[in-house]
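**Q** Input sequences plus hints: build the corresponding full structure.
Chains A and B supply the protein sequences, listed in that same order.
Note that UniProt numbering gives residue 78 to position 78 of the first sequence, counting from 1, and the numbers run on in steps of one.
Note that UniProt numbering gives residue 148 to position 148 of the second sequence, counting from 1, and the numbers run on in steps of one.
Since the hints were made in silico from the structure, they are not lab data.
Because the structure is a prediction, the values reported are computed rather than measured.
Among the clues, some could well be false.
Which copy? The list can't say, so a pair holds if one copy fits it or any two copies do.
[Claimed, not checked] When the alpha-carbon atoms are kept at most 27 Å apart in a straight line, the in silico DSSO-like pairs for lysine-lysine are as follows:
id	residue 1	residue 2
1	Lys47	Lys156
2	Lys235	Lys69
3	Lys156	Lys226
4	Lys220	Lys371
5	Lys235	Lys70
6	Lys220	Lys146
7	Lys156	Lys220
8	Lys69	Lys371
9	Lys371	Lys146
There are 2 protein chains.
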Amino acid sequence: MRAKFGPQSNSHEEGYDKVTWTTDVETHPPWLRFHLGISRWELYNRKDPNLAQLTHYLATQHILGSVQKKGGTQLKLLISFPNYGQALLKPMKQTRHAETDVNLFYFSDFERHNAEIAAFHLDRLLGFNRIPPVVGRLINVTTEIKEITTDRRLSKTFFTSPAGNVCFYGQCEYYCSVEHPVCGQPHMLEVSLATMLPDLTIAPRRSWRSPWRRSYSRTKLAQWEKDPAYCDTVKQTPPYNQGTRLVDLIDMAVLDFLMSNMDRHHYETFEQFGNNTFLLHLDNGRAFGRHSQDEPSILAPLQQCCRIRRSTFLRLRLLSLPDFRLSDIMRESLTQDPLSRVAPLLSEPHLSALDRRLAKVLQVVQTCQEKHDDVIYNDIEGHDQGPRSAVTA
Amino acid sequence: MRAKFGPQSNSHEEGYDKVTWTTDVETHPPWLRFHLGISRWELYNRKDPNLAQLTHYLATQHILGSVQKKGGTQLKLLISFPNYGQALLKPMKQTRHAETDVNLFYFSDFERHNAEIAAFHLDRLLGFNRIPPVVGRLINVTTEIKEITTDRRLSKTFFTSPAGNVCFYGQCEYYCSVEHPVCGQPHMLEVSLATMLPDLTIAPRRSWRSPWRRSYSRTKLAQWEKDPAYCDTVKQTPPYNQGTRLVDLIDMAVLDFLMSNMDRHHYETFEQFGNNTFLLHLDNGRAFGRHSQDEPSILAPLQQCCRIRRSTFLRLRLLSLPDFRLSDIMRESLTQDPLSRVAPLLSEPHLSALDRRLAKVLQVVQTCQEKHDDVIYNDIEGHDQGPRSAVTA
Numbered sequence: 001m002r003a004k005f006g007p008q009s010n011s012h013e014e015g016y017d018k019v020t021w022t023t024d025v026e027t028h029p030p031w032l033r034f035h036l037g038i039s040r041w042e043l044y045n046r047k048d049p050n051l052a053q054l055t056h057y058l059a060t061q062h063i064l065g066s067v068q069k070k071g072g073t074q075l076k077l078l079i080s081f082p083n084y085g086q087a088l089l090k091p092m093k094q095t096r097h098a099e100t101d102v103n104l105f106y107f108s109d110f111e112r113h114n115a116e117i118a119a120f121h122l123d124r125l126l127g128f129n130r131i132p133p134v135v136g137r138l139i140n141v142t143t144e145i146k147e148i149t150t151d152r153r154l155s156k157t158f159f160t161s162p163a164g165n166v167c168f169y170g171q172c173e174y175y176c177s178v179e180h181p182v183c184g185q186p187h188m189l190e191v192s193l194a195t196m197l198p199d200l201t202i203a204p205r206r207s208w209r210s211p212w213r214r215s216y217s218r219t220k221l222a223q224w225e226k227d228p229a230y231c232d233t234v235k236q237t238p239p240y241n242q243g244t245r246l247v248d249l250i251d252m253a254v255l256d257f258l259m260s261n262m263d264r265h266h267y268e269t270f271e272q273f274g275n276n277t278f279l280l281h282l283d284n285g286r287a288f289g290r291h292s293q294d295e296p297s298i299l300a301p302l303q304q305c306c307r308i309r310r311s312t313f314l315r316l317r318l319l320s321l322p323d324f325r326l327s328d329i330m331r332e333s334l335t336q337d338p339l340s341r342v343a344p345l346l347s348e349p350h351l352s353a354l355d356r357r358l359a360k361v362l363q364v365v366q367t368c369q370e371k372h373d374d375v376i377y378n379d380i381e382g383h384d385q386g387p388r389s390a391v392t393a
Numbered sequence: 001m002r003a004k005f006g007p008q009s010n011s012h013e014e015g016y017d018k019v020t021w022t023t024d025v026e027t028h029p030p031w032l033r034f035h036l037g038i039s040r041w042e043l044y045n046r047k048d049p050n051l052a053q054l055t056h057y058l059a060t061q062h063i064l065g066s067v068q069k070k071g072g073t074q075l076k077l078l079i080s081f082p083n084y085g086q087a088l089l090k091p092m093k094q095t096r097h098a099e100t101d102v103n104l105f106y107f108s109d110f111e112r113h114n115a116e117i118a119a120f121h122l123d124r125l126l127g128f129n130r131i132p133p134v135v136g137r138l139i140n141v142t143t144e145i146k147e148i149t150t151d152r153r154l155s156k157t158f159f160t161s162p163a164g165n166v167c168f169y170g171q172c173e174y175y176c177s178v179e180h181p182v183c184g185q186p187h188m189l190e191v192s193l194a195t196m197l198p199d200l201t202i203a204p205r206r207s208w209r210s211p212w213r214r215s216y217s218r219t220k221l222a223q224w225e226k227d228p229a230y231c232d233t234v235k236q237t238p239p240y241n242q243g244t245r246l247v248d249l250i251d252m253a254v255l256d257f258l259m260s261n262m263d264r265h266h267y268e269t270f271e272q273f274g275n276n277t278f279l280l281h282l283d284n285g286r287a288f289g290r291h292s293q294d295e296p297s298i299l300a301p302l303q304q305c306c307r308i309r310r311s312t313f314l315r316l317r318l319l320s321l322p323d324f325r326l327s328d329i330m331r332e333s334l335t336q337d338p339l340s341r342v343a344p345l346l347s348e349p350h351l352s353a354l355d356r357r358l359a360k361v362l363q364v365v366q367t368c369q370e371k372h373d374d375v376i377y378n379d380i381e382g383h384d385q386g387p388r389s390a391v392t393a
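**A** In structure tokens:
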């Protein structure tokens, strides 16, 4: 099993950069090389040339099968490619510039295909590498879903709309009805395709309820929204009381604040890496819903714990400099996606919102530093030697 | 019962203009005077000064109660006023300029408060007088619904949205969910208020399935969509084989085509007037959904039967003249509604669509006249002397 699932050193003291990569096996399909490249500390190495091959594969390979993917509340499909590749498809459901209705709760918001794509790019640019590669693609809903699916529950929801477009809605908990159709124009539909992680039988994952999970209620507040000293409790609770778990959670909060994702109720880790491993940033479809407003509560973990990885802090500072402005490098990064030929994946207001929010994150860190001296968690030198004292940068 | 329910002559040969109106009883509230004024041939006399008093009453009277109204598929409320007045409330659910999604079927479309208001004005300008008076109003959802309702099923759907607006969604078949909230800004909401007809125990009504009813299916066509000679059958079928019922239906089709209402599955008549009476044009919330397109199939009754009332035809011709242009008189008429102070009730594209569609109706009549000589049904001289031969105008 280990051979199938990435480089793993017997003692993690060796550090991931000393592991011999097995991703150079040219005969493996790119999705398998991606699986083999997963380490204890990140999903992929950002310099690995396989990354581009993998997204190219998802964006261009012949689609062999399309069925509904169970789990979650909104419609998504599982797409099969030659050589056993698979991807999670999320369809475009609203025009790209549409902002989420101000009266909708985060748990009623649509999922957005471009949010999945943009989240992958943002996570990578932040140096996290914790989101499976996602790529955009224009697919033909007739020939690449309707005509080839073996999923009867899916196929019977296809219809031709009054405008002559081929539409479907699938079966799921929310927005799977003829009132919320997913439609081609008349056949072509923008979708996001996310690389599948190794099968759960090979690489089981553990799901963790986020301590800063929202109430998912119209009326109730979560404990962390009422108790400003909430982090004191979290800091004493395993697994947050040792290792990098707490600062990992704060990394995730920074990512989510930048893209305004309020839907991070759980996160996952690979079981075989135990508690000392990175957090997967899965399921980002509800990010990038609103550019005109920021949601400060997403930063609660940082604000309440006043702690951040040194590497993250340095990266954020870099991305706030004029030459490395986050909006500029995101714009440039997103042009690599095939769908950027149809229209920019994030509109300019969304890109500017990134810069505005980044400034706010740095402001929160500064406010923390004015009150505490253990804000910056030094993860840069020998990050894997267990807990250590935080050092102010 | 007769005294309570409008002027009714013993033999309808007398004609409605000879009936002594009982609507001048100054002590009656305006809604009762409206009920008393209903005749066999129309809901109200357009010159009756009570019309303005009635809409003023609905627009300004203190709201005593608000409960959900059962029946139908979308949310509507029953509003009570002093002196036993009642109105049917439909809330604003989308911005006024929004066009119906091209991929939505007519049976999935939202109901629009401004469509109810505009339909009343249009029906009146066409000389039909078959829609109960409707008026717009800005209401306070907190003090005029939430705080006074006795309807628990309604009141438990109230909530404050993330934007701080007071919202609710009620309980109904379609769009009654937190994903489709009706929201004040933060309390004030635009609604339409339609005068209620006399209670069914006093004035029972008969519901008729329209012969040109749509299939209400994503895939099936109705018989009239497949059979160009469909009208030949209808013409031989009671009650369409005598009196004005067929041309009444065609009047309704003209109204519906002008406002692009595809949702006329049934129509109603007052039972005590038998078959020789006007058709009520109730429930127009799905009109005015799209201005950029026309729906020729709505005109099928006119196109397939090639028959139209002379009075309707003359009115349509008048409204196509530059001095009496339909769009101009609709614009002017709608300014009488209180909500026109908030924003025009129909946007300019919707008003222009009226002129474009009117020209199409007249074109269909002309095409009919080129092929048939019994197109114009002369209803102007002694309309109530039973069936007669149609006369070309």
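**Q** To test your reading of the hints: which numbers does this structure violate?
**A** 1, 2, 4, 5, 8 and 9
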